[in-house]
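**Student:** Counting the sequence shown from 1 gives a position; the working numbering is that position plus 1201.
FYI, nobody ran anything at the bench for these hints, they're computed from the structure.
Computed from a prediction, not measured in an experiment: that's the story for all the values here.
A portion of the hints provided could be inaccurate.
Taking CB as the label site, the calculated pair distances span [what the hints assert, rightly or not]: (1) S1345 x A1228: 36 to 44 Å; (2) Q1229 x H1284: 39 to 47 Å; (3) V1363 x T1343: 19 to 27 Å; (4) R1293 x S1351: 35 to 43 Å; (5) P1323 x G1248: 13 to 21 Å; (6) W1359 x P1225: 28 to 36 Å; (7) E1346 x G1326: 28 to 36 Å; (8) V1350 x A1228: 18 to 26 Å.
Heads up, the beta-carbon is just placed ideally off N, CA and C, and yes, glycines get one too.
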Amino acid sequence: MLWPPMDTQFDLPRMLTEYARRHPEDAQKVGEYRRLAGAGAPAYGRGLPGHFTGSALVLSHDGRRTLLTHHRKLGLWLQPGGHADGDTDLRRVALRESCEETGLAGLHIAPDILDLDRHWIPARGDEPGHWHFDVRFLVHATGSEDYIVSGESHALAWWPLVEVAGGDFEPSLRRMARRALALAG
1202 MLWPPMDTQF DLPRMLTEYA RRHPEDAQKV GEYRRLAGAG APAYGRGLPG HFTGSALVLS
1262 HDGRRTLLTH HRKLGLWLQP GGHADGDTDL RRVALRESCE ETGLAGLHIA PDILDLDRHW
1322 IPARGDEPGH WHFDVRFLVH ATGSEDYIVS GESHALAWWP LVEVAGGDFE PSLRRMARRA
1382 LALAG
């Protein structure tokens, strides 16, 4: 896992302000995230009916492909990500989940939030339905692009980013792909 040097510690309120400046259309969503952050440490666990998660759009060396996981529980092609489990640094959560779910080493994570997405997770077994307030980052592969399928996935595959941006994928995944393409120029 490669963690780029950061000038400051993870500061979600500051990062939400910067995100809102870049994406004014998400002002209401940013407000919901700020309210949840006001709950403090419980917002980063699993005890509330809504809690933070971290995920990442993992890009290839050339930035033209993204590594997606065919999620075992949801049956969809999605980006890697997961629960914070008490970690208040959601950038670190996104990087950790990317490494664990793909087996890739040498990942580099961008410092800014790429996307925010609040989505409902249906009840499963003893776990009641709940909201994920997902904070999403852009991650680049810097080493081998050979992945390892984890127990959380049916499969992993590199997909062309332009295909994800315009294809038959979950809407927020398409949005992330479009944002990544826009950043690439």
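**Student:** State for each hint whether it applies.
**Tutor:** Structure-based check of each hint:
1. For S1345 and A1228, the Cβ-Cβ distance of about 41 Å falls inside the hinted range of 36 to 44 Å, so the restraint holds.
2. Between Q1229 and H1284 the C-beta distance comes to about 24 Å, which lies outside the given range of 39 to 47 Å.
3. For the pair V1363 and T1343, the beta carbons lie near 22 Å from each other, so the given range of 19 to 27 Å is met.
4. Checked against the hint of 35 to 43 Å, the C-beta distance between R1293 and S1351 comes to roughly 18 Å, which is inconsistent with it.
5. Under the hint 13 to 21 Å, the C-beta atoms of P1323 and G1248, about 18 Å apart, fit the expected range.
6. A beta carbon spacing of about 33 Å between W1359 and P1225 agrees with the range 28 to 36 Å that was offered as a hint.
7. A hinted range of 28 to 36 Å holds for the C-beta pair E1346 and G1326, which are about 35 Å apart.
8. At about 39 Å, the beta-carbon gap between V1350 and A1228 misses the expected band of 18 to 26 Å.
Of the numbered hints stated above, those contradicted by the structure are hints 2, 4 and 8, listed in ascending order.
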